[in-house]
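Number of protein chains: 2
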Amino acid sequence: MRIAVDAMGGDYAPEEIIKGTLMAAEKNPNVDLILVGPKERVLPSLTGTRPKNISFVEATEVIEMDEHPANAVRKKKDATIVVATRLVKQGEADAVVSAGSTGAQMAAALLGLGRIKGIERPAIATVLPTVEGGKLILDVGANLDATPEQLCQYALMGSIYAARILKIPNPRVGLLNVGSEEGKGNELTQKAYLLLKEAPINFLGNVEGRDVPYGRADVVVCDGFVGNVLLKTAEGLAGVFVQVIKEKITSTTVRKLGAMAVKPGLKEFAQMMDYAEYGGAPLLGVNGISIICHGSSKAKAILNAIRVAQECVQTHFIEQIREELPK
Amino acid sequence: MRIAVDAMGGDYAPEEIIKGTLMAAEKNPNVDLILVGPKERVLPSLTGTRPKNISFVEATEVIEMDEHPANAVRKKKDATIVVATRLVKQGEADAVVSAGSTGAQMAAALLGLGRIKGIERPAIATVLPTVEGGKLILDVGANLDATPEQLCQYALMGSIYAARILKIPNPRVGLLNVGSEEGKGNELTQKAYLLLKEAPINFLGNVEGRDVPYGRADVVVCDGFVGNVLLKTAEGLAGVFVQVIKEKITSTTVRKLGAMAVKPGLKEFAQMMDYAEYGGAPLLGVNGISIICHGSSKAKAILNAIRVAQECVQTHFIEQIREELPK
Numbered sequence: 011m012r013i014a015v016d017a018m019g020g021d022y023a024p025e026e027i028i029k030g031t032l033m034a035a036e037k038n039p040n041v042d043l044i045l046v047g048p049k050e051r052v053l054p055s056l057t058g059t060r061p062k063n064i065s066f067v068e069a070t071e072v073i074e075m076d077e078h079p080a081n082a083v084r085k086k087k088d089a090t091i092v093v094a095t096r097l098v099k100q101g102e103a104d105a106v107v108s109a110g111s112t113g114a115q116m117a118a119a120l121l122g123l124g125r126i127k128g129i130e131r132p133a134i135a136t137v138l139p140t141v142e143g144g145k146l147i148l149d150v151g152a153n154l155d156a157t158p159e160q161l162c163q164y165a166l167m168g169s170i171y172a173a174r175i176l177k178i179p180n181p182r183v184g185l186l187n188v189g190s191e192e193g194k195g196n197e198l199t200q201k202a203y204l205l206l207k208e209a210p211i212n213f214l215g216n217v218e219g220r221d222v223p224y225g226r227a228d229v230v231v232c233d234g235f236v237g238n239v240l241l242k243t244a245e246g247l248a249g250v251f252v253q254v255i256k257e258k259i260t261s262t263t264v265r266k267l268g269a270m271a272v273k274p275g276l277k278e279f280a281q282m283m284d285y286a287e288y289g290g291a292p293l294l295g296v297n298g299i300s301i302i303c304h305g306s307s308k309a310k311a312i313l314n315a316i317r318v319a320q321e322c323v324q325t326h327f328i329e330q331i332r333e334e335l336p337k
Numbered sequence: 011m012r013i014a015v016d017a018m019g020g021d022y023a024p025e026e027i028i029k030g031t032l033m034a035a036e037k038n039p040n041v042d043l044i045l046v047g048p049k050e051r052v053l054p055s056l057t058g059t060r061p062k063n064i065s066f067v068e069a070t071e072v073i074e075m076d077e078h079p080a081n082a083v084r085k086k087k088d089a090t091i092v093v094a095t096r097l098v099k100q101g102e103a104d105a106v107v108s109a110g111s112t113g114a115q116m117a118a119a120l121l122g123l124g125r126i127k128g129i130e131r132p133a134i135a136t137v138l139p140t141v142e143g144g145k146l147i148l149d150v151g152a153n154l155d156a157t158p159e160q161l162c163q164y165a166l167m168g169s170i171y172a173a174r175i176l177k178i179p180n181p182r183v184g185l186l187n188v189g190s191e192e193g194k195g196n197e198l199t200q201k202a203y204l205l206l207k208e209a210p211i212n213f214l215g216n217v218e219g220r221d222v223p224y225g226r227a228d229v230v231v232c233d234g235f236v237g238n239v240l241l242k243t244a245e246g247l248a249g250v251f252v253q254v255i256k257e258k259i260t261s262t263t264v265r266k267l268g269a270m271a272v273k274p275g276l277k278e279f280a281q282m283m284d285y286a287e288y289g290g291a292p293l294l295g296v297n298g299i300s301i302i303c304h305g306s307s308k309a310k311a312i313l314n315a316i317r318v319a320q321e322c323v324q325t326h327f328i329e330q331i332r333e334e335l336p337k
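Sequences listed follow chains A and B, in order. For the first sequence, the positions run 11 to 337 when my numbering is used. For the second sequence, the positions run 11 to 337 when my numbering is used.
Honestly, the hints are just simulated from the structure, not real lab data.
If chains are identical, the list can't say which one is meant, so a pair holds when it fits in one copy or spans any two.
As a list, the in silico DSS-like pairs of lysine-lysine whose alpha-carbon atoms are at most 27 angstroms apart: (1) 194 - 85; (2) 87 - 194; (3) 49 - 29; (4) 29 - 308; (5) 99 - 85; (6) 308 - 177; (7) 266 - 256; (8) 277 - 310; (9) 273 - 256; (10) 277 - 266; (11) 277 - 256; (12) 194 - 207; (13) 49 - 85; (14) 127 - 201; (15) 207 - 177.
Using the sequences plus the hints, can you model the full thing?
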């Protein structure tokens with residue numbers, strides 16, 4: 011198995027990306043890892059005793075976060091994400107992993123790999139840490155004006171992912187809505203509800219925002235606008251909570267002593283809420299495996315994302331979706 | 011000034027509602043407070059030395075949380091929220107305060123008080139605790155399929171509320187979106203952006219979910235579906251955080267001792283994040299003052315909601331909106 015890694019994607023590229031890839035190479039001697047990036051940025055970190063299963067493919071350009079994704083992908087034919095995706099297309103890699111611009115990764119996948127037949131619009135899925143473990147939410151930003159039919163496709167693909175990769179048997183799918191009863195919601199969710207009821211999934215009904223962090227659904231389905239707002243709000247809140255609690259529990263000498271004693275507990279909490287444990291999740295609906303990582307991924311997240319890519323390849327994830335889609 | 015209070019609204023009705031009303035009566039001897047509810051549920055709590063500025067108006071029915079709001083309001087003509095809203099309509103009260111079914115309060119206000127001329131759809135506003143103090147977000151659930159023009163009306167009303175009642179000078183209005191640059195978003199927010207740029211408000215541009223808890227905008231505008239999901243996700247996350255942190259920092263004897271030392275800090279944090287400080291916020295756009303409180307309001311929240319009602323009356327809030335709306 012060969013996995014291409016975009017060495018230049020993310021806030022901590024290339025150092026942490028290369029570090030994570032090296033960790034994965036050592037851990038999985040049977041997986042060939044291909045680092046894709048500019049020579050001068052990647053090769054200096056690969057000197058010394060490089061694991062045998064690491065190789066390098068040159069790509070001279072980088073797509074920055076502030077570029078228009080589709081335009082940049084079209085213009086920069088030698089960008090890391092474009093070259094890495096091309097390796098998958100040409101059968102030289104089985105999957106691509108990137109922590110770079112999500113929009114560019116999506117555009118590169120759509121242009122390079124295309125869609126799975128029957129899927130109108132791909133979705134970006136994310137594994138959200140909850141008190142019941144990692145749960146899938148999709149779409150978190152690929153398709154901002156989704157149709158009821160598209161939400162239904164997300165539910166199907168999300169169910170397969172949750173069952174195969176998150177290993178949740180018979181995953182419960184919830185439709186993100188403003189109330190739990192049938193009939194609640196805006197035009198989109200009211201219509202989607204009716205379709206989801208008939209779909210070959212374990213449909214739980216509506217779930218509300220407050221149900222998400224409690225992990226009441228294994229797969230949460232929503233349009234890309236709502237999912238993006240939810241995800242970023244959760245990130246912002248987590249940041250605020252950690253920051254303010256830190257300040258408050260160390261503001262006096264007595265509290266500082268107490269803080270030392272409870273620190274391992276807070277660390278356990280942080281670990282529980284750490285998205286890096288889940289590494290990344292694939293673009294669902296594109297005709298090839300393209301794993302999206304968080305922009306602030308460090309080595310551990312990349313290591314885990316490579317594991318997710320491996321599992322997607324091993325379980326024939328794309329074929330699974332193809333087979334289970336209504337014909 | 012006379013303020014009607016729905017004694018039967020909310021999870022802790024009638025006890026905590028009556029308690030909060032009594033506190034408000036003692037604190038503000040010049041404000042007449044009218045408790046509205048069934049005799050047998052309210053009068054027993056009003057025995058003894060009842061403050062002179064508390065009176066009672068009977069309403070024999072109660073609208074439950076699971077009833078269809080508009081149907082219930084039409085059918086139960088003697089429901090507490092219907093009677094309390096009628097007092098405002100008939101000039102016997104200047105404002106109504108309730109922690110009951112938000113849908114029913116909205117329906118009662120629309121049927122009883124009507125809309126302000128020029129406002130197509132009222133919005134439910136909520137004051138969200140942030141690291142920069144309380145910030146307004148609207149709509150959080152009144153209107154699930156909003157138009158760009160309606161978002162623009164929310165921005166105007168929200169600005170007036172933030173300036174007059176939250177006392178934020180020249181409040182910065184942010185459009186909740188998936189990216190910060192102009193041009194980002196779904197059809198609704200792309201169009202709304204163009205209108206907001208031209209509106210007589212201090213428009214900050216787009217804000218993302220993660221900006222909200224940091225208080226980067228004083229007024230956050232969104233459609234009722236997205237606002238509702240954001241609000242409930244934030245509530246759910248806050249609940250999860252507090253629950254898990256509590257468990258983690260008291261799981262061993264050493265940690266328990268530390269927890270005692272940091273407890274005052276955690277309490278300060280909880281106070282900072284306590285919505286009860288802000289009491290409630292009015293239904294924006296209805297032709298009269300109707301203050302919505304959180305369903306789990308206790309006495310302190312009711313006391314603060316009555317303060318908000320007072321301030322809305324004193325600052326001629328409805329007239330302000332009427333004057334500042336484009337003619």
